[in-house]
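With the hints as your guide, set chain B onto chain A.
Chain order of the listed sequences is A and B. Numbering of the first sequence is given in the working numbering, commencing with residue 1 and proceeding in unit increments. Numbering of the second sequence is given in the working numbering, commencing with residue 1 and proceeding in unit increments.
I should point out that these hints are in silico values taken from the structure, not numbers from a laboratory. From the three backbone atoms N, C-alpha and C, an ideal C-beta is built for every residue, glycine too. Check each hint, because a few of them may be wrong.
From chain A, some residues computed to sit far from chain B (all C-beta separations above 12 Å) [stated by the list, open to error]: (1) V40; (2) A55; (3) R91; (4) G119; (5) P201; (6) S224; (7) T297; (8) E336; (9) A364; (10) G443; (11) L451; (12) V454; (13) A461; (14) R486.
Chain A stretches covered by chain B per the calculated footprint, using a threshold of three residues with CB under 8 Å from any CB of chain B [said to hold, decoys possible]: (15) 185-197; (16) 322-332; (17) 348-357; (18) 373-382; (19) 471-484.
Restraint-style ranges between C-beta atoms, simulated for each label pair [what the hints assert, rightly or not]: (20) B:K246 to A:F521: 41 to 51 Å; (21) B:P35 to A:F504: 43 to 53 Å; (22) B:I236 to A:F504: 30 to 40 Å; (23) A:G480 to B:G51: 48 to 58 Å; (24) A:Y527 to B:L224: 50 to 60 Å; (25) A:A44 to B:G51: 50 to 60 Å; (26) A:Y88 to B:R45: 19 to 29 Å.
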Amino acid sequence: MLPMLDVAFGPQPLALPFLAALALGAIGVGVAVASMRARVRDAALLAAFVAAMAALLLSQSVAAFMLSWEAMALISAFLVGTHAEQRYVRRALIAYAIVGQIGALCILAAFALLGAHAGSYDFAAIAASATTLAPGMRIAVALLAFVGFGSKAGLAPMHFWLPRAHPAAPAPASALLSGVMLAVALYGLALVGWSLAQPLPAAFGIGVTLIGAFGAVLGALYASVETDVKRLLAYSSVEQSGIAASVLGLAFAARAFDLPQLASLALLAFFFHVLVHAAFKSLLFLGAGRIVDATGTSDLEQLGGLMYTLRYSAPLIVLGGAAAAALPVTGGFAAEWLIFRGFIAALAAQHPALQIAALAAILALALAGGLALAAFAKFVGIGLLGRRRSEHVTAAERASAPFFGLAWFAGAIVVLGLVPDLALRVFGPIARTLAGVAPDPGGIAGLSRSLAIVPLLAAAATAWVARSRAIAWRPTWTCGSAVTRRAQYTATAFAKPLARIFAFALLPTRERTIERGDANFPSALRYETHLRYPIDEITRAASAAMQRWARRTRIVQGGRLRVYLAYAVIGACVLFWLAR
Amino acid sequence: MIAHLVQVAALLLAAPLVQGVLTTLRARLQGRPGPSPLQPYRTLRKLAHKGIVVPLDASLAFLSAPAIFASASVMLAWLVPVATTLRPIDAVAIALVAALGRFALVLAALDARSSFEGMAASRESAFAALAEAPLVLALASTTLAQTHALAAFCSAGAIFLVNLFETARIPIDNQETHYELTMIHEGLALEFAGRHLALVQYGAAVRQAALMLICALLLPGSGLATIAWFAALVAITPLVERTFAKVRLFEIPSLFALATLLALGGIAMRIPGIGTW
Chain A
1 MLPMLDVAFG PQPLALPFLA ALALGAIGVG VAVASMRARV RDAALLAAFV AAMAALLLSQ
61 SVAAFMLSWE AMALISAFLV GTHAEQRYVR RALIAYAIVG QIGALCILAA FALLGAHAGS
121 YDFAAIAASA TTLAPGMRIA VALLAFVGFG SKAGLAPMHF WLPRAHPAAP APASALLSGV
181 MLAVALYGLA LVGWSLAQPL PAAFGIGVTL IGAFGAVLGA LYASVETDVK RLLAYSSVEQ
241 SGIAASVLGL AFAARAFDLP QLASLALLAF FFHVLVHAAF KSLLFLGAGR IVDATGTSDL
301 EQLGGLMYTL RYSAPLIVLG GAAAAALPVT GGFAAEWLIF RGFIAALAAQ HPALQIAALA
361 AILALALAGG LALAAFAKFV GIGLLGRRRS EHVTAAERAS APFFGLAWFA GAIVVLGLVP
421 DLALRVFGPI ARTLAGVAPD PGGIAGLSRS LAIVPLLAAA ATAWVARSRA IAWRPTWTCG
481 SAVTRRAQYT ATAFAKPLAR IFAFALLPTR ERTIERGDAN FPSALRYETH LRYPIDEITR
541 AASAAMQRWA RRTRIVQGGR LRVYLAYAVI GACVLFWLAR
Chain B
1 MIAHLVQVAA LLLAAPLVQG VLTTLRARLQ GRPGPSPLQP YRTLRKLAHK GIVVPLDASL
61 AFLSAPAIFA SASVMLAWLV PVATTLRPID AVAIALVAAL GRFALVLAAL DARSSFEGMA
121 ASRESAFAAL AEAPLVLALA STTLAQTHAL AAFCSAGAIF LVNLFETARI PIDNQETHYE
181 LTMIHEGLAL EFAGRHLALV QYGAAVRQAA LMLICALLLP GSGLATIAWF AALVAITPLV
241 ERTFAKVRLF EIPSLFALAT LLALGGIAMR IPGIGTW
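Just chain A, same shape as in the assembly (with noise of 0.2 Å):
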């Protein structure tokens, strides 16, 4: 047998933290699934893409690995496919699967260098070989990983697709697209940075952490202005990949710089990360389902009022909300708390180059935080709260719904968020496995539960209100006037002063046009507002170029015998010439 074909499979210690997300991704996602009585073909391809990524954590060889990940590339497509009579999803779709490829192709050229360095496509003799490639091999290596691992976790600006293909899938499937296939393209990036092509320069991991850095902004800054609720959750997702390869950067970063330290706190606040990030983005998405479900629209102009109908799960989602903005009693908080522990232990580290990359990061992940806080507070604050903003119908929820999936993915947000040494003290000593010093991480556990006051006190609070000499429920004073829910706030116009704030990116433009009246008078007026992401269009740009010339080199497959003939022969003699 040709040793690329090598199957072979095995835990090791990396694909742990990474098992672990997946398993509670899988877990959720399986109660909701059960509970929705889902079709016997929607849930039978969610179980084989769950299989698929836990056949790529576990793999051990190259021809595993790939065989895995295009399982897993084919099945999510066919997830991102499930409504395609529908115009946009077949949009979504194609675009998937272009980045998709190119990815994989990007992913397998990697390997080969690296299989045919090593004579063996077993990761193990890969790494063993690792230290004797060629220092241009080695960038090579490392920047075809980074495009391939790194389009398929969303990574800025490799990240147009993703906001179309995740919320285009049904809610199951995005959560776990965005829960824990993002994580798992970031398993790819550290399994080949840390292990198969060490040591990278330092130069990789700084330039690792700036992309991410600048991705977590961007995500961060899509997601506060945009309107509809699915496309906001994947611009989310975009944010937190940015924030995990940053961190993970630092890791490489610091290992390159010989400062063991550092990196294991990094590696741990990855893990970590990764973990939380599977709970509260499942969580999300499957909130946006009921919504969906609910009310038969995701856009949130239409939203607004279900505290009392989703009874339920809205409040749970208010939670992952919180957890998404890295609030305190969530896994987000501690999560967001060890990644800038990394950066900001870095900050003196006598190396300049990772001195400013970690000034840098901080900057942008402190910006990306206030934006995803602003995003959360208008997904929630608008999606849920308030009065209906349309005249969807919708029934009382029954306890027995998907709620059980969320429920579990919020209770795990709550542990992780309260006792947040329950999953690092398992993450610890992989880092240190990794890193070869045990990963210090600071006083996060005695943090998160000196947290837990905040709930406590606001409960007793909440119940001395209770207790007021009169409680009166009236109509919000609006001034005198009606209390209609058009005087309500809407998405649009909560983002604005953000779409103002930040024109340079978003290029806003409005149209104001008076359809009845005079312009001192207009009794109808019509009020359109546009944004234009121009970082998106250069990459659109880029990959519709790439299509166009795709669709040039279908001339050779002209679909006439003789051609065909022609090029075997052609083909035959050139094996003839080299084999001579």
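Frame of chain A, contents of chain B only:
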């Protein structure tokens, strides 16, 4: 430990007094006698004895928001390191606990379904997004060894600007107005009454006192020097309010840009190998 408990108790008890002193000083500087510095306590007592009014169909998000906001403020006071020691400040915990209080109030405002509150929620979220970076950068600088006083003043200056926003003061906001064209912070609290409003006002006072103490901690010296800096900040803040005009709404981002630059300068000067050029 005991010093920490004493400091937390002092912050929780004296926070309304700080707000009262600031209001009185501002009034005096404007040529008015102004209320007594103890007025916030009287207001809180009055509010605690009143009934509450809740918008029709408001949900738990509205009902629990003042409690969450006040609890987050108490936690903020807890997170401030003791003034007598030179301990690094936990930048991320402070920024995110402050964000939790804001998140609760913004959600309550959106739940109250009036466009005034929506406007306030929108502006608050947008500007808070810009305030996060200077806050984290300035506080994170305390994990690095102190170099020269200039670094400390840069970091503290950034926090001072952020505090002007957090405590709704001129030139960024105006505590004295309920005028929808200008308001940011006050708009969030429009629908609260009685004990709800008491919790919001008390929480805001504690938040303000904690953030001012943090600003004082960033300045050189510790112990008595920090207390002196705190007093100086209480004196300077009304002077700033008295001296400057409120800037236009979309000029506010340039103030945050200034704060970010100050914070970056403050932290860069402390980075070993870079700041000691």
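Is the nearest CB of chain B more than 12 Å from the CB of A:R486? Violated, because the least Cβ-Cβ distance between A:R486 and chain B comes to about 9 Å, which does not exceed 12 Å.
That 50 to 60 Å hint for A:A44 and B:G51 (C-beta), does it hold up? holds, 58 Å
Hey, is A:G443 genuinely clear of chain B, shortest beta carbon separation above 12 Å? Per Cβ check, A:G443 is inside 12 Å of chain B; nearest 8 Å; violated.
Minimum C-beta separation from A:R91 to chain B exceeding 12 Å: can you confirm that? holds, 32 Å
For A:T297, is the shortest CB-to-CB distance to chain B above 12 Å, so the non-interface label stands? holds, 18 Å
Taking C-beta pairs only, is A:S224 more than 12 Å away from all of chain B? About 7 Å separates A:S224 from the closest Cβ of chain B, which leaves it inside 12 Å; violated.
Between A:G480 and B:G51, does the beta-carbon spacing fit 48 to 58 Å? Given range 48 to 58 Å: violated, Cβ gap about 22 Å.
Are 3 or more residues of the segment 471-484 of chain A near chain B, judged by a Cβ distance of less than 8 Å? The restraint on the segment 471-484 of chain A holds, since 9 of its residues have a Cβ under 8 Å from chain B and three suffice.
With a C-beta cutoff of 8 Å, work out whether three or more residues of the segment 185-197 of chain A approach chain B closely enough for the coverage to hold. violated (count 0)
With a cut-off of 8 Å between beta carbons, are at least three residues of the segment 322-332 of chain A near chain B? Check passed, 5 qualifying residues.
Counting residues of the segment 348-357 of chain A whose CB is closer than 8 Å to a CB in chain B, do you get three or more? This one holds; 6 residues, not fewer than the three required, reach chain B with a Cβ under 8 Å.
Least C-beta distance between A:V454 and chain B, which was stated to exceed 12 Å: It is violated; A:V454 is separated from chain B by about 5 Å at its closest Cβ, not greater than 12 Å.
The structure fails to meet hints 6, 8, 9, 10, 11, 12, 13, 14, 15, 20, 23 and 26 from the earlier list, while all remaining hints are met.
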